[in-house]
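Trainee: Residue numbers (my numbering), protein chains in the order written: chain A, 1 to 278; chain B, 279 to 627; chain C, 628 to 1158.
Simulated from the structure, these hints should not be mistaken for lab results. Some clues are possibly wrong.
[Unchecked claim] Residues from chain C that keep clear of chain B, each with C-beta distances beyond 12 Å, as calculated:
id, residue
1, Glu650
2, Gln654
3, Thr661
4, Ala725
5, His1006
6, Arg1065
7, Leu1085
8, Asn1151
[As the list claims (entries may be wrong)] Here are some chain B residues pointing at chain C (derived, C-beta under 10 Å):
id, residue
9, Phe362
10, Asp442
11, Trp553
12, Asp554
13, Phe561
14, Gly611
Just so you know, even glycine gets a beta-carbon here, dropped at the ideal spot from N, CA and C.
If you want the building blocks of each chain, they are given just below.
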Amino acid sequence: MNNNFIPSPAKICEIIHENEQISTFRLKLINTSIPFSFLPGQFLMLSVPHCGEAAISISSSPTALPIIDLSIRKAGTLTNAMHMMKAGNQVGIRGPYGNPFPMKNFVNRDLLFVAGGIGLAPLKSVIDYCLFHSNSVHDAAQSITLLYGSRSPSDIAFQSVTSNWQEQGVNCRLTVDEADTDWQGNVGLVTDLLPRHNVTDNTTALVCGPPVMIRFIIAQLSAMGCQDEAIFTTLERHMKCGVGTCGHCHLDGKMVCMDGPVFSLSQLKTMDVMELAQ
Amino acid sequence: MIDLKELILSKDNLIPLLRKLKKDARLIAPIKNEYGDTLFSEIDDIDAMKIDLHNQPQASLKPFFLPQQETLAGYTVNNGEYSFTPPDKAQDTIFFGVRSCDLTALLYMDLIFSKPSKDATYYDRRNHSLIITLGCNQPFANCFCEATGSGPYLEYGYGLQFIDLGDRYFVSAGRGKGADLLKKWAYFFREVNEEDQKKRYQLFLEARGQFTRNIQVAHACQKLQEEAVPEEIWETLSRRCYDCGGCAYVCPTCTCYSIDDMAQGTNHGIRVRSWDACTSSGFTRMAGGHNPTDRSRYALKRRFLHKLKHDYAHHGKPSCTGCGRCVDICFGGVDITTFIDLLTTQKTT
Amino acid sequence: MTNSIAELEGADVLLVTGSNTTETHPQIGRNIITAVDHGAKLIVIDPRKTDIAKEAHIHLALRPGTDIALINAMMRIILDENLADDLFISMRTENFIALRDYLHRLDLDELATITGINRTTIHEAACLYARSSKSVICYCLGVTQHTCGTDNVQAVANLAMLTGNVEKKHSGVDPLRGQNNVQGACDMAALPAVLSGYQNLADIDVRNRFLAVWGREVPKAPGLSLTEMTHAGINGTIKAMFIMGENPVLSDPHLNRVENTLKHLPFLAVSDIFLTETAKLAHVVFPAASFAEKSGTVTNSERRVQLCHQAIPPIRNCKPDSEIIMQLGRRLNCPGMDFDTEAEIMEEISLLTPIYGGMHYDRLAKNWGLQWPCWNRDHPGTKFLHKYYFARGKGCFTITEHQEPYENPEKKYPFTLVTGRGSYHHYHTATMTRKSRRLLREYPEALLEINKEDSDKLNLRDGETVELASRRGTVHIKTKITDRVQPGTVFSSFHFFEVPINLLTLDAMDPKSKCPELKICSVNLRKVKHD
Chain A
1 MNNNFIPSPA KICEIIHENE QISTFRLKLI NTSIPFSFLP GQFLMLSVPH
51 CGEAAISISS SPTALPIIDL SIRKAGTLTN AMHMMKAGNQ VGIRGPYGNP
101 FPMKNFVNRD LLFVAGGIGL APLKSVIDYC LFHSNSVHDA AQSITLLYGS
151 RSPSDIAFQS VTSNWQEQGV NCRLTVDEAD TDWQGNVGLV TDLLPRHNVT
201 DNTTALVCGP PVMIRFIIAQ LSAMGCQDEA IFTTLERHMK CGVGTCGHCH
251 LDGKMVCMDG PVFSLSQLKT MDVMELAQ
Chain B
279 MIDLKELILS KDNLIPLLRK LKKDARLIAP IKNEYGDTLF SEIDDIDAMK
329 IDLHNQPQAS LKPFFLPQQE TLAGYTVNNG EYSFTPPDKA QDTIFFGVRS
379 CDLTALLYMD LIFSKPSKDA TYYDRRNHSL IITLGCNQPF ANCFCEATGS
429 GPYLEYGYGL QFIDLGDRYF VSAGRGKGAD LLKKWAYFFR EVNEEDQKKR
479 YQLFLEARGQ FTRNIQVAHA CQKLQEEAVP EEIWETLSRR CYDCGGCAYV
529 CPTCTCYSID DMAQGTNHGI RVRSWDACTS SGFTRMAGGH NPTDRSRYAL
579 KRRFLHKLKH DYAHHGKPSC TGCGRCVDIC FGGVDITTFI DLLTTQKTT
Chain C
628 MTNSIAELEG ADVLLVTGSN TTETHPQIGR NIITAVDHGA KLIVIDPRKT
678 DIAKEAHIHL ALRPGTDIAL INAMMRIILD ENLADDLFIS MRTENFIALR
728 DYLHRLDLDE LATITGINRT TIHEAACLYA RSSKSVICYC LGVTQHTCGT
778 DNVQAVANLA MLTGNVEKKH SGVDPLRGQN NVQGACDMAA LPAVLSGYQN
828 LADIDVRNRF LAVWGREVPK APGLSLTEMT HAGINGTIKA MFIMGENPVL
878 SDPHLNRVEN TLKHLPFLAV SDIFLTETAK LAHVVFPAAS FAEKSGTVTN
928 SERRVQLCHQ AIPPIRNCKP DSEIIMQLGR RLNCPGMDFD TEAEIMEEIS
978 LLTPIYGGMH YDRLAKNWGL QWPCWNRDHP GTKFLHKYYF ARGKGCFTIT
1028 EHQEPYENPE KKYPFTLVTG RGSYHHYHTA TMTRKSRRLL REYPEALLEI
1078 NKEDSDKLNL RDGETVELAS RRGTVHIKTK ITDRVQPGTV FSSFHFFEVP
1128 INLLTLDAMD PKSKCPELKI CSVNLRKVKH D
């Protein structure tokens, strides 16, 4: 019997400093003979020595394997310790866990990504995956648009990534809550960007960010005619096991780690969740 | 050839039988300690220790399968290298004198820890265990297992089930290890006769009629499937929940846990799993401080709905086994029976 | 407690004052709640809206430090309504006339103004308490930790005697004790002026008895109180101190003085199970065994002496307190420091302490121990006190007058700081509870409770750090906006060494008990720029 809680050691190959709070850690499993695959939207349980574990979304695409990216914001003890790690140090990972985004459903659709702050991490995996398949006749999305909100210009993460996406034909719209003197782009909440965007029957929206942002974006999307089945989000909850037994992420009869973290709006509507609270 | 499914054991032969069983496995039974508490304990000296089959064991079997604290792995960190070692293996254990409610709880835990794959340490212990139950002829003060469908006698799940017929036990064997055991020690037993059967049914009937508490569990489960619980019920309950976690710790089916790393030095430590309680606010609080649960209003919502609504929907029965332990432990008097009473006596609007 | 804990469930009216019972004494809280569920009426006197106050039928949210005025008002109303127990007063008490005349001179409106509670509510509470013959009073440190602490207790006693609510089952005056064995520590004379079992130090017969057993003269003069010791200063009379299981560097008032005293002691030894802030200042530290590593007895609030057995052997070099004391004693050539077992120690306690006279290990082992007084081997112990007579004979009414707190809010320090237990999850200076991950997770840092009205005025967000200052010191603390406290009052615990709240508190003492006014002092709070 496999011990479900013993992680596999992985080496930090590179650390990409995204901003003051967020860094992307590029990992590789030490034992390359361990079979490992995943799909966008899934997460890992990350072990940092002496700190325990935390659930972290994979921000790279499976097409980049054996590289696994974890984009981590400093929030508590473990994430702060992670930010102290150096390239070459080892961490532990186990997983992947959770339901991925239904990638098959996205073929030939107009994909609209709406993200706030670190919320772009799980969506980045989807965008990279879609771009990888953009030349395939069977797997490509029709179009990709990203609306990305940050608190201030210095808080914008994934800057080189977004400019790279722009070159590959992704319509990237960035906005900041508070501008500084150098900022030339949009100022305002990401909810202000959305009305300027066209939503059709062919739109599929993927939303990730703080609960309040999710709530307002979902309401807006619905008002603009987006179908419940075509709106997806990924929920963040405190998690300990990743396998549906510890109970921490229990949500009205469901386990976010097993039944989510990706949910469609039609699924969320059957549950009592703060992201939809009035 | 005698039927090995059901046999009679004279009470005179109980200790001799247990003495034999103890040769091949660790033996655990309810023991009355010097404070007068009855607890499941390992028997070292079967002649010196007092097996107590008259009082309800204060703790369930849960600690033996999901210990209050267990090591899931050891870890070392050397020059940035990070490695893990597996925990100790379980040993063969026979549990004697287990009540129906506690075995039902164990069967529920089997279900919980089987998905998505079998939980390693739980199933290691479970696969090395054999459970001998004792049907309850007389419910204890706070018991309501009949209302939860988990007693006073059981139909399945046990290795062996003992029913006290006065001077003898009526013993039924479950599949596998239980039947093997009867076969191996057949010479301690005799066949069942008609009088034994009659007495067993008579005692069963009597036991069912002796519950002092009338808890409308089925009604509550049904009602929860159909309608939302009025807000004021949650608020009444939350006001009196002082977050001691006692209900979750004594509950035989509360399996929520935490995993923490504990450093044992600068370069090594252990990963431990320990009991947790969904009634605590720290249970759902995320790194950074955001908490999706408002404890001041919904401290007990998750606990009661999980047991009576969600598990009923998923498994067809609630995961409360009516053992009544939470009734005694709660400082605020807001145990599951309070909730069921509030819910079922409330007028439907 | 004059009652047994279980008796609370049978009371008709419970008056809880200065006690956050459900958090500090959850087991007793459970008894009170059960009583309420069975139909009893609950009156809570507390400036804060604690969890137990939320259960109350009448919550008297008085201005901090005005207990005497409130109780005097209640007594006056009881006289006016003819609800005093005349028979009890005449048979069992003395000095009633003086109290009656004093109460008649008081102006109820004035008293109501002092307490900040309206007259009708006080009237309602007084009548409720007095009309029942099964009324019980529970009080805790909210009553005692004031400069008028002794008078507060006297006022409570007056109220109980006035209505005859003592001497019976389900009716009495019950101080709730803190640690599991603080009652036992007092019983064993960890107090300045008495010998074990509250025997008078001045009594020559008592001293001779100890001399016969101990082979040493017992000092005639009372010793010093805790605050007198920890506030003795640099040139104090104390040259050496041995502190066992106490953390005065965080728990005593006006911490700067405490630290100053302890740091300059020629010799300080501390015995504790963890290296506390106090132990860090010591010249010698004795690693003590915890409750689980030793056997012995503890005495709880209801005077019940209970036996505890060792669960695990002491870890490494830790030793039980008794072993530490005996080894020290032997090295100091103290005779008789050679007890072989805990039972032998108890035999000496029984010999020298009349109220423990019948407390022998073989008897304690049965059931759940014994409640003192237990005079001899045949005595069954005592469920409730003062049946037929009080300890001093007749109960004496003593006039208690309202006195303002040592510090009142003023322009520079406009808020009243109330201190106490912050949550169910931490205890005292959290030397033990912080070692538990789960407890720390539930209450990870110090919080200052503040009313929304005040936080709005100061433009504070929930969770914002403020500078909290009194005349004696300053701390930084996170705010928690809540309606548990009244406007003008803030509340904090002293659990966290990062926020040593007792830097701020007063060392002004009650002249009789020498208990400092830890509960209230005047403070100011100010926004801090950075979180």
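Trainee: Now, for every hint given, state plainly whether the structure supports it.
Mentor: Cross-check of the supplied hints:
1. Glu650: Since the minimum Cβ distance to chain B is about 7 Å, Glu650 (chain C) lies within 12 Å and the statement is violated.
2. Gln654: 7 Å, violated
3. Thr661: 6 Å, violated
4. Ala725: Given a closest Cβ separation of 43 Å, the condition holds.
5. His1006: 22 Å, holds
6. Arg1065: Since the minimum Cβ distance to chain B is about 7 Å, Arg1065 (chain C) lies within 12 Å and the statement is violated.
7. Leu1085: Per Cβ check, Leu1085 (chain C) is outside 12 Å of chain B; nearest 22 Å; holds.
8. Asn1151: 27 Å, holds
9. Phe362: 21 Å, violated
10. Asp442: 28 Å, violated
11. Trp553: Interface hint status for Trp553 (chain B): holds (9 Å vs cutoff 10 Å).
12. Asp554: OK, holds: Asp554 (chain B) within 10 Å of chain C, min 7 Å.
13. Phe561: Hint holds; Phe561 (chain B) Cβ to chain C Cβ min 9 Å, cut 10 Å.
14. Gly611: 5 Å, holds
In this structure, the earlier hints numbered 1, 2, 3, 6, 9 and 10 are contradicted, and the remaining ones agree with it.
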